[in-house]
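Please put together the full structure from these sequences, using the hints given.
Read top to bottom, the protein sequences are chains B and V. The opening residue of the first sequence carries number 1 in our numbering; numbering runs sequentially from there. The opening residue of the second sequence carries number 1 in our numbering; numbering runs sequentially from there.
No lab work stands behind these hints, which were simulated from the structure alone. There could be a bad hint or two in this list.
[Said to hold, decoys possible] Within a straight-line C-alpha distance of at most 27 Å, the following computed DSSO-like cross-link-like pairs (lysine-lysine) qualify:
#	chain 1	residue 1	chain 2	residue 2
1	V	Lys572	B	Lys341
2	V	Lys572	B	Lys252
3	V	Lys572	B	Lys331
4	V	Lys807	B	Lys445
5	B	Lys331	V	Lys556
6	B	Lys169	V	Lys617
7	V	Lys572	B	Lys337
[As the list claims (entries may be wrong)] Stretches of chain V that chain B covers, calculated by requiring three or more beta carbons in the stretch to come under 8 Å of a beta carbon on chain B:
#	region
8	568-574
9	606-617
Note that beta-carbon positions come from the ideal geometry of N, C-alpha and C, so glycine has one too.
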Amino acid sequence: MKKSLKYITISLFSVYVSSCTLNIPLENEFSDPYAISNVETARELLASVYDLVPNYDFELSVLSDDFMPTSLIDRDAELKNLYQWADNAITNFSTSLWEEYYNVIANANVLLERLDDMTVSDDKEKDEYERIRAEALTIKASCYFDLLRLFAPSFSEGDQKDGIILKDKLDLEFLPRSSIADCVTEIRTLLSEASSFKKAPSAPGWHSSLSADYLLAELELYAGNWTAAAEAAKRVVDAYGKETMEKASYQKLWSSETCPERIFGKYLRDSYYTYIQYDAAAGDFFMLNDDLVFEEGDIRSEWTVFPFEMADNRGDVAERKLLGKYNKMNKESLQIKYIGKIRASGAYLILAEAYARSSGEQAAVQILEEYLSARGIQEKISLSGDALVKRILEEKRKEFAGEGSNYFEMKRNRPETLKRYSAYGTGSSVSIKKDDYRWTFPIPKSEYKYNDNVSQNDGWTKEVDNQN
Amino acid sequence: MKKLFLIVALLTVLVNGVSYAQSLKEYEISGIVMDSDGDPVPGVTVSVKGMQYATITDGDGKYVLKAKVEGRFSIEYTCIGLKTVLVKYDGNNVIDVVMEYDNTVLDAVVVSARQNINELDIRAKSGVVQQVNMSRIVTKPTIDISSALQGSVPGLIVTNTGALGSKPEIRIRGNSSLRKGSSANEPLYVMDGQVISSDVFFELNPNDIADIKVLKDAAACALYGVKAANGVIEITSQRGNAGPMSVTYNMDMGVTTRGRRGIAMMNSTEKLELERLLQNTATPGYRYSEDFFRKYYPTDPDLENMIAEGREVLDSLRAINTDWFKELIRMSMYQKHNLSLKGGNDKTVYYLSANFTQQGGRIPGNDKYRTSMRLNLDQKISDWGYAMFSVSGGYSKTNSPIGTEYDPTMLVYELNPYERPDVGELWSYPNRTYQDLLNQYSSESEDKTAGASASINLNFVPGLDISAVAGLDFSLSESLNVVPSTAYSEQNSGVPENQRGYLTKSKNTSTNITSNIRITYSNTFNEKHNLTVGGNYDYYMSLMDNVSITGYGIGKLKNPSAINQSIEGNRKPRVGSFREKSAQMGIGLLFGYTYNEIYDIFGTYKADASSLLPQDKRWNSAWAAGAGWTISNYAFLKNNRVLTNLNLKASYGVTASLAGVSAASTIGTFMYSQNSYEDQRLLEFLGIYNSDLKPEKTTSIDVGLSVGLFKRWDLNLNLYKRRTTDALLDVPIPSSNGYGYLKRNIGILDNNGIEFSTSVRVIDKHELYMIIGGSIAYNNNMVVDLYDADRIYASENSVIPDYEVGKSVDMLYGPHSLGINPVTGLPVFLGSDGREIQATETLLREDMVALGYMVPPFSGALNFSFTYKSFDFNADFYYVFGGVKQYDQSYVRDQNSANKNAIKNQISDMWFKKGDEGKTYHTPFYSSAAIDNLTLYPNTLTVGSSDYIKLSMISLRYRLSSAFLEKNLRFIKYANVAFQASNLFTLSRYKESNPEGGTLAGSQQPVLTINLSVTF
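Shown next as structure tokens:
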């Protein structure tokens, strides 16, 4: 009895020991090396990279001359400070931008590193593999480009000045800033590679060779390479054509429908552009700048201007020209599915500017007229030189009012002064000069505090730990 | 001769008659049974040897044994785990007995059941194992056992953090990790050999627990391996004992009171005057004042009339004086019912219990109740083994109106005394009534637990002990958090009516399987050499499965079926889930040797692996060695009347731990999120990882001394030094890396301390008995090295390093305040160079001074027990000192916040005009930048000593005499009535309500109860 029990015990014990295992795959998490092993998972990771790209179009518009504050601005001190270009507000804003863009870049690097180790079997997979890679490169380049425009001086101030940190891998690094010229070269390389994959995307939320070309055109414009800018923009213009910018199409830009003009639209799942509104009944913090005037018949007007009755500080009610676009969509409870900043009209305007600046004025006028007529303005343009460029830029400002990109345009083509107004009707309080240091955002503390190799931009402080 | 015969015959008859009468004599023997530590032992079977007369000691170790016995007899005292004592009856009807723990090796014939198979006595000889006095824990009326543990063992620090139903923070000997928070610093909980989570421990019924041991040093903990890097709390459940069935019913009924008020707020007169001074037009004190009318309507012909009307309004407001502390903080109920059955024979014993406890919290909507049941059954298998079974189940429910963004307790400090709960809009919350402030949020959480475990102890061969335990623990936690559509935040969210109100309901099941097999061989050679060798293999598996739904548009309903599923966009219903299965495996070896009960050496090694770690980092080990020297066991000291115990012990151990580290920290890891982009799911990268991550290694040295004097005075001293090398920390990295933090092995942390405890039996007579005890523990930590730097700033905005070589991790820094500048009314600080720093200047690192420890380095307890005849009196105090806590000060109002109530005397303590000297609070009219130095850092004036002493338990018990029971209530064996109270008062210099948690809102509520305990 005792003996048999002993055997039973021993055999039970050995069964028990051998049945215990530690190779339990996590059911929720997927770790290397098996996590990103095929194009399907790579696409899902890529989707998360897209999703991370920050949307600060409203805040950038606040910094630009798109808006004037309404009487409600006093209700939000932070927003007011940002509008006034207060150091503190810009510092906070720039910190979010820096951290979020570099987070996207890190994630794009994670994907690119995984793609390097991936093997694909058939042509279909190879196609998808190439496509994913091109899209990841485009996202990375667009983040670099935004960072460069925000955190580095303008290209014209000297291309050997410090640009941004170029990050090639996920690993912990303490990198210095590369020069603006090097940054441009890097972005150009990324976009050129991405643009070489020519197949069309399955949905507007994915980048394509044409969105890469669009960005490339913008980059060349930024760097003053007019011919290269024209070349890239031409590719886009040729692919889209004038009719994509006409009324029927333009209206679809502000809906969740497919819009022929949209080259790339960031897919949205959360609320967007809600911070402009103080209260549904009381109105918005900002209204359109008075000098943004749309002519009769201009189809942009309907979707850019949102007339709204608002009370001023004294309680008098008057109509205010609030921003339409996404703000209007929110007010009218329309679902916003895409942020369509990269669109055919932008390519037309880039092309027009590139031609105008590279003495192809005739071509520039033709492109501009094509654009204007699509937008409902039948006008014979008889401008040349700086006046032509100015007009093109003015049209661009109207086209993209409230979409953030005007801030970049202003930074590139500095106005003599940028006026900052007090609550509407009470005049201007301060103005920002052409050479103001705040045109270049400060490198945030979360970078320089832990990275001795990084330099700060002129005019901004770099508090160092005085005991180090 | 005949006469003689008659006399003899008569004598014989007489003698016989007398002896016959003697053989049937009735006895009533009483006394107390104590263990060698002087603590009463409940549940000991006291019987007349060889006869059926038996009884069981009560909760205080007392017994009354009645028997009709013939001639001489012996009384036997038996209890599992203790050496059986046999006392010959010598005519004395009072027999007090001391029972010793059964430390000897068991031979094949006497098999004792060991509930926790890791609980080997050998480790206690050189390791630090301290026992919690359960009778005091049970006496304390509080629903949570965790809170009751506070002060029970020196070095076991229990800090209550929130309202009723929130888990306190439990640490053994401070933090050995640089990382803060529970996942890296929490002790391991083991119940009857089964690893349980802190949540399961939190829900245990104290009455079901026979004993709790706290394992502190490496030698004691090493058997549990790397999981025990932060110490172990070992819980042993109540078991039955041989003897007739006894039924005990224990009831507590009482009230909970409001607790410490902390700050006195203004009354209506003072508040209205403050409002006048602060000139905020949104406050009645200014709006209806003469000042206001004269300023805004100077030329109005109706001015005097307006002023008169205003005065009337103010007078009527002055007449109202609502005490919001009393209005919002309530008294509530506490009740506990516990029924237990015990009994069995020499083969089978059982314990069965059922419990119901309910405690009401301080604010309406906060309460907790719990019911639990347990059945423990021990079965002797033939003469070579023992099998034990446990089944338990429980249900608990906690309600709370306190959300992350919303705490109604704070309203005590915000609502004005001239406002009323029943009428009108509030000045303190414009556009809202008092009802709009309540019912903003509700949270219900329910825990349903079930567990079963079985263990066997087998002794086939003398000295060889094979034991195994297997257990399964299952818990289902459900929570429902609701923000109704009527909540103010929803009303003003701007979303359409049909999208308002939201809830999150989640169900989380966790299944834990524990198994452990241990083989121990122990034998004594030549009566002097005792050798123990052994090994074990354990495996733990846990499965967590969570599903949650969040939905909007529920209106006022608290049910997921009310979710409006037509909503698109960011109020779209969401489903979340989480599932994780993990396992841990361990192999351990141990060795122990004792010579003549004088010298002990002990060594143990344990290797553990976790499935959560990548394969190459999976196995980590812990080892420890210890030695003990019991000087009092030398022949020349044996039976010494003065020095009754003298023991020295020392241990050394190394534990490598990756506690709190998941795969994502060391390898690229991805997870699906609830969101999507275009038609794709999002597979999200979890974050930057460090493939060079190593386990942090804790080396600990412990030296202990125990002294016993006159058999009634015990002293215990322990010194420890713990060093954590390769300490893990989420270190900030340049944000261009895409992430703010990276987990790295960053440095060396020392954690040292001293613990001392003593207990004296001051009076030790049969009916008069007094014990005084006390303990003190000191813990101190210091960063010894940070590998690539001298200091680490956890956030880019910190001016003062969070970790600095040579400094404590718990130190709070800030500038030295010079008070308020009488000219500017703004704060002034003392610079490092001795000059005054004005409000507009920026403070530098050098200007900061150490303000004190955030975690008090000293803590301890004082215990007092007094017994006189049938009365027992017990009191426990808990104290901490040496720490500071920052004051909240949100109750000091400036112009913008003038509509909320303010601290009493703010008017006299606040700077209002040039020349106001010696003020505490700065001017109410300022620009926010001017007080940056004040808001960014604590300073010498905004922190206060958090020293406190708390009467954590007091009880007065009366035992009904057996004579009374015999006469009137024959069916009752024992009965007690008692007054018991917990947390009755706290003495502290700290000005706000809660020196323990440091939050303005919370402090522990006192509980006062009447207790009745009856054994049938």
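Pairwise hint evaluation, B:Lys445 against V:Lys807, where the allowed Cα distance is 27 Å at most: Roughly 24 Å between the alpha carbons, so the hint for V:Lys807 and B:Lys445 holds.
Given the hinted pair V:Lys572 and B:Lys331, is their Cα-Cα distance within 27 Å? 18 Å, holds
For B:Lys169 and V:Lys617, compute the direct alpha-carbon distance and say whether it is at most 27 Å. 24 Å, holds
Taking only the CA atoms, is the gap from V:Lys572 to B:Lys252 under or equal to 27 Å? 24 Å, holds
Residues of the region 568-574 of chain V with Cβ under 8 Å from chain B, three needed, outcome: holds (count 3)
CA of V:Lys572 to CA of B:Lys337, is that 27 Å or under? Judged against 27 Å, a Cα distance of about 14 Å means the pair holds.
Assess, step by step, whether the Cα of B:Lys331 is no farther than 27 Å from the Cα of V:Lys556, and give holds or violated. 26 Å, holds
With a cut-off of 8 Å between beta carbons, are at least three residues of the region 606-617 of chain V near chain B? Held - the region 606-617 of chain V has 5 residues with a Cβ nearer than 8 Å to chain B, which meets the minimum of three.
Would the pair V:Lys572 and B:Lys341 pass a check requiring their Cα atoms to be no farther apart than 27 Å? Measuring from Cα to Cα gives roughly 26 Å; hence the hint holds.
Of the numbered hints stated above, none is contradicted by the structure.
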